[in-house]
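A.B. asks: Residue numbers (full-length UniProt numbering), protein chains in the order written: chain E, 1 to 454; chain A, 1 to 454.
Only true hints are included.
Because identical chains share one entry, a pair is satisfied inside a single copy or across any pair of copies.
Mimicking DSS-like on lysine-lysine, the simulated pairs with C-alpha atoms at most 27 Å apart in a straight line are:
(1) 160 - 310
(2) 160 - 305
(3) 160 - 376
(4) 38 - 132
Rather than coming from a laboratory, the hints here were simulated on the basis of the structure.
As a plain string of letters, each chain reads:
2 protein chains.
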Amino acid sequence: MKKVITFLLSLVMGCSYAQNTDSLAIRKIYNEALGNGKSYEWLRYLTKQIGPRLSGSAGAQKAVDWTKQVMEQQGFDRVFLQEVMVPHWVRGAKEEAFIRVEKQKINVPIAALGGSVATSPKGVEAGVIEVKSFPELRALGPDKVKGKIVFFNRPMDPTKINTFEAYGGAVDQRANGATEAAKLGAVGAIVRSMTNVHDDNPHTGGMRYGTGVALIPTAAISTNGADLLSKSLTENPGLTFYFKQNCESLPDAKSYNVVGELRGSEKPDEIIVVGGHLDSWDLAEGAHDDGSGCVQSIEVLRIMKALGIKPKRTIRAVMFMNEENGLRGGVKYADLAKQNNEKHIAAVESDEGGFTPRGFGIVGTPEQRAKVNPWKPLLVPYGLTDIGAGSGGADIGPLATLGTVLFGFKPDSQRYFDYHHTPVDRFETVSQRELELGAASMAALVYLLDQYGL
Amino acid sequence: MKKVITFLLSLVMGCSYAQNTDSLAIRKIYNEALGNGKSYEWLRYLTKQIGPRLSGSAGAQKAVDWTKQVMEQQGFDRVFLQEVMVPHWVRGAKEEAFIRVEKQKINVPIAALGGSVATSPKGVEAGVIEVKSFPELRALGPDKVKGKIVFFNRPMDPTKINTFEAYGGAVDQRANGATEAAKLGAVGAIVRSMTNVHDDNPHTGGMRYGTGVALIPTAAISTNGADLLSKSLTENPGLTFYFKQNCESLPDAKSYNVVGELRGSEKPDEIIVVGGHLDSWDLAEGAHDDGSGCVQSIEVLRIMKALGIKPKRTIRAVMFMNEENGLRGGVKYADLAKQNNEKHIAAVESDEGGFTPRGFGIVGTPEQRAKVNPWKPLLVPYGLTDIGAGSGGADIGPLATLGTVLFGFKPDSQRYFDYHHTPVDRFETVSQRELELGAASMAALVYLLDQYGL
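Next comes chain E alone, as it looks inside the complex:
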């Protein structure tokens, strides 16, 4: 009996010893991030010195060179590039747009959606059909839509607590609106910006043309512009809308994912990825989307090195290229992992902004998710209360087919779409503490993943 008690006691003590060690390690991670953090100054450089970095642009190449250099300077065990061909879309001269009511022209702010074709050099002008959904559009039929500009004006639902859910409920208009409009013979598609705020910033973003339909030009209009257009249509259903945009798709360009690595001391063949995407929209500094995720990922490795944590497994910080308009970097990363027979046990992505951490969404089997449960009490003191089934991240998504468990870093979502894909997504909107807490939260999760696997 005594032996049994001693054995049980040693189990309990061993368990609490491990918990205590982990608790102290995580406390040190947060202290390092908040006391000696580098992510904020890195973000300043990436946004203010490099700035916009859409795939294929000179800015994107500068960002590749610079993040490689930063990771080399940190003395990571290995820093390397993964070549990837990316779409190369350019906006050209700034767009013009106005509502014409009789002899009056009222200018409104628009921005071509990424991937859209240009209008003719003279622009396009036509009557406007306002709809809130694709079924509503289809019900109108080709007779009413042909030769018109379709105006998609369904707002993000402000009553959704998580703004990403509201975004998910509206973004079909941006992604597929032009295609649905073209099917019925429309000559253009104007889409209400994906944001809850009422302002004058058109929010750009990706769109795709379906096969077998005419390629019609499509643009985002600011929410204030959308409200004005809607009101004007009520008063003057016969008004016309004019817009002119000068964008084009050039041949694919050569670019890179940038990878930094700390080699595992015990199980170097098991890889844990932590990443963000390096490209941004051409209009934005890309501070929250996704400069934050990039500098936080590098910071995770820096923190581990600074604290003398020698990971058992191999930890990689990955700056993925081309999340915004192609996902080629994420696909290439997973392709290479498969080709090289690499075993990726987990991947963590930060692509929801540099805001206060709330938790992690997990994509994995119920058994894999259950593995995380004992870690939760270690993370709650840092505000990480929302950990469970959820979404991972676009760039790490392709790794799922390799059996990798995906973790999407979930910061507070309230302000993200105030800035998203506009010039307002700039360094000044990022709180140093919020950014650093995010980096620390990711480092704490990576530390636990490294200690215990999945």
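Go by the hints and put chain A onto chain E.
C.D. replies: Just chain A, lined up with the frame of chain E:
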């Protein structure tokens, strides 16, 4: 046996019915706040049209008149004022300060602390003793301190996750620094601003003189200014510091708490308070501190009315006067409650900014706190995961002696001290969604307090 089962079943069903009713009511509260909220536009008026409103100022009086009018327009059952005499401190002309190293003068940004005396009209100039704590100061003794300016330079600890904890660990310097310095014969006290950011804004705030010591002038210096002064002292220990301030304490002024009320339909004598403080520092628009708490409190009552919720108990929105430099409004409110034999079962205060809600701190007995446990699952879907023993709020504090259970609204704390007590605490730093979510969270708690009591 069958009867027992039926009885138990009816209990369970009754219970889940109530939970379901509450869940729907709370969902409607959030929908109203996020879809038709008024708090943001009210805050715009309070900060942009009225602006700074330190106790005794014309701004404070305007804020009293305007919030009374807003609540009257909302058709609350009763709106009334509670007269209270408040301290009337004025800053006078803007402060001047510089570091003098040999013939060089380097200007630094300072702001007199609220309650401080002026310097002589010519200002004060003296050598500087830098300390991090009162024990360190006392160890120096009068010989080293006499005739000097004491420079309190202990920063807020950036590794504290909750910034209010870091504030609590540094604010003794601001509150009592002048007194401790004067005890040893110092001629002035300069205090590092209470913030984690490195910037050029001196953060003012309240201070008190101890009895029986000389009243020496005291000011906050910006964190950048503090770092510069510290560095300069290392290089030139013999440097002098000059400052001039022109503040004075005028006779107490007449002012008011502003109270709006929805009368209870079943237990009108049981009162639930929801409030914030109406005064702000003279340098600030007081957007987060505490315009947010005021407009959120009015919004709680507006939401209930808009949804047709007829409270069982009496619900009061209270705009307390003079939290910043006297707490006279909070004290007066509790005095009148006692005098009028009013039964205040609960009080909720919002005075930690208009940021994303995280929970509520509770001041009450363990039994009272346990009463709240069944409500937690109703609030978690809205991100309110941090509900438990904590602090209430300065203004509602005096109600504790009447047995009132206090609830301090806890929004995310990361950005609060970036703005606190400076001109940066302006409307533009408030996110509409974050503000509205706060109002909804307070309304949800008030709804549950009203339904179930404590």
